[in-house]
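Visitor: Sequence:
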Amino acid sequence: MADNGVAARRAAAGLLEQVLGEGKMLSEALGAPYMLRLAYDDRARAQRLASETLRSLERVDRIMKPFLRKPPPLAVHNVLRIATYELCTGGAAHGVVNDAVSSVGANKRTEKLKGLTNAVLRKVVDKGPEEWAKLRVPRLPKWLRAPLAQAYGHEGIGDIERMHFTGAPLDLTPKGDAKALSEAVAGVVLPTGSVRIKDAVQVSALAGYDAGDWWVQDAAAALPVQILHPQKGEAIIDLCCAPGGKTMQLAASGANVTAVDSSDRRMQRVRENLERAKLSAELVVGDALETSGRYDAVLLDAPCSATGTIRRHPDLPLVKDGSEFGELIELQAQMLSHAITLLKPGGRLVFCTCSLLPDEGECQIEDLLAIHPELEIDRDALKRDGIEDAWITEEGGLRLRPDYWAERGGMDGFYIALLRKPL
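Mind the numbering: the sequence shown is residues 55 to 477 in my numbering, read in order.
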């Protein structure tokens, strides 16, 4: 069967150009007009190729380096990167090389480099696959690796990087029975009740999608609401709610949910997700720091570095440089202080971040408890199915890492803590 992947390969190289050349996140680059014009299968293939090439970028560049006297223009370099990734991971040499040469030749600014492209990739065909297997697991850039190694040790950061390189399966949060859903979608039920699908699938084609029987949500991301343990009829506010997975969990519990997000565009996605799942919440577009009222519970999934999601977003460490950390940490502290004012006496607050950095988790709660000794951290709330004692931290929060459940496919990095306000 012929390999007709030229459109997907060209699009994938374009995605790399936006990420590595323009500093855009891949999720943003996927909205480019040339991507939206592609057929669904080509679009999915381009996204996968770009994502896996970025995940493997250290290996890809090391394989090519001996065959390049100097780096070619970025557009050509990215075509070579996509092709090298494919050639080293089982791609058909003839189709991959031909498409790469054709892509370089189709651009007037780069057509003179067709010969170089062909020559480099012929060498990759000969030597690449064997060398690929010898290379180390790609490492995080120093700006991120250093603080994580300090937090988790060199063995810990190595385990985390292995899971980043492995990538992430697809997790679903069921609206109803997890076992029935797992049978319908050929998945497995995880110890915490999420349903995991290991093979690549088209999400919208899965059983129960149109009926709203489930939503996509990493198993780690589903735990904050489980720990909050919402009750029917409770008044609960979900601050920074987009894309809405936790809002849907809260709504499915029967709680009266107010969901807040500062972005109208992101809130539209929350609205669509709720409609598909046939769930309801009061949606408020506005600044979380300006919210008012009194609630039985507050969920604060605070803006953060998102360093816990790198196995799903391998572009993140390539686009960011850590310069925004200080600003985010200050914002989290402000939001925590404000969230406390929204609690009724005896109310509970779940604070969480999809970050691996203790400054965005453990340290925030330690600082908050030092300022507000009247607050109580609830360790008993963490005693739930699937949560291991070793994950509970000194101050009483929950630290999740990508290398936890490694044999099952890992999980996103997260920090979660539940605080109670006195009566």
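None of these hints come from the bench; they were simulated from the model. A couple of the hints might just be wrong.
Simulated pairs of lysine to any residue, SDA-like, Cα-Cα distance not exceeding 25 angstroms [said to hold, decoys possible]:
1. K286 <-> T246
2. K475 <-> K196
3. K78 <-> G149
4. K124 <-> E112
5. K398 <-> L423
6. K437 <-> G287
7. K398 <-> L477
8. K78 <-> E378
9. K286 <-> V257
10. K196 <-> L423
11. K196 <-> K398
12. K168 <-> G75
Cβ pair distances, simulated, as ranges [said to hold, decoys possible]:
13. I425 <-> A254: 22 to 32 angstroms
14. A424 <-> A254: 20 to 30 angstroms
15. E165 <-> R323: 19 to 29 angstroms
16. T143 <-> I425: 42 to 52 angstroms
17. A187 <-> E344: 49 to 59 angstroms
18. A98 <-> R163: 38 to 48 angstroms
Quantities reported herein were computed from a predicted structural model and do not represent experimental measurements. All residues carry an ideal CB built from backbone N, CA and C; glycine is no exception.
Visitor: Evaluate each hint against the coordinates.
Guide: Hints and how they fare:
1. Proposed proximity of K286 and T246 is supported: the alpha carbons are some 21 angstroms apart, at most 25 angstroms.
2. Simply put, K475 and K196 have alpha-carbon atoms about 40 angstroms apart, too far for the 25 angstroms limit, and the pair is violated.
3. Pair hint K78 plus G149 does not hold up; C-alpha atoms about 29 angstroms apart against a cutoff of 25 angstroms.
4. In summary, the hint linking K124 to E112 is supported, as the alpha carbons are separated by about 17 angstroms, within the 25 angstroms threshold.
5. Note on K398 and L423: the hinted pairing holds, with a Cα-Cα distance of about 18 angstroms set against a maximum of 25 angstroms.
6. Annotation: proposed proximity of K437 to G287 holds, straight-line Cα distance about 23 angstroms (limit 25 angstroms).
7. Of the pairs offered as hints, the one joining K398 and L477 holds, with about 8 angstroms between alpha carbons and a cut-off of 25 angstroms not exceeded.
8. Taking the CA atoms of K78 and E378, the gap is near 15 angstroms; set against the 25 angstroms cutoff, the hint holds.
9. With a CA separation close to 30 angstroms, the supplied pair K286 and V257 exceeds the 25 angstroms bound.
10. For the hint linking K196 to L423, the alpha-carbon distance of about 32 angstroms lies beyond 25 angstroms, and the restraint is violated.
11. Among the hinted pairs, K196 with K398 is inconsistent with the structure: their alpha-carbon atoms are about 44 angstroms apart, more than 25 angstroms.
12. Pair hint K168 plus G75 holds up; C-alpha atoms about 21 angstroms apart against a cutoff of 25 angstroms.
13. Distance hint for I425 and A254: a CB-CB separation of about 47 angstroms, inconsistent with the stated range 22 to 32 angstroms.
14. For A424 and A254, the hinted distance range of 20 to 30 angstroms is not satisfied, since their beta carbons lie about 46 angstroms from each other.
15. Checked against the hint of 19 to 29 angstroms, the C-beta distance between E165 and R323 comes to roughly 41 angstroms, which is inconsistent with it.
16. For the hinted restraint 42 to 52 angstroms between T143 and I425, the CB-CB distance of approximately 51 angstroms keeps it satisfied.
17. Between A187 and E344 the CB atoms are about 54 angstroms apart, so this pair conforms to the stated range of 49 to 59 angstroms.
18. A98 and R163 have their C-beta atoms about 29 angstroms apart, which leaves the hinted 38 to 48 angstroms range violated.
Hint violations for this structure: numbers 2, 3, 9, 10, 11, 13, 14, 15, 18, all remaining hints satisfied.
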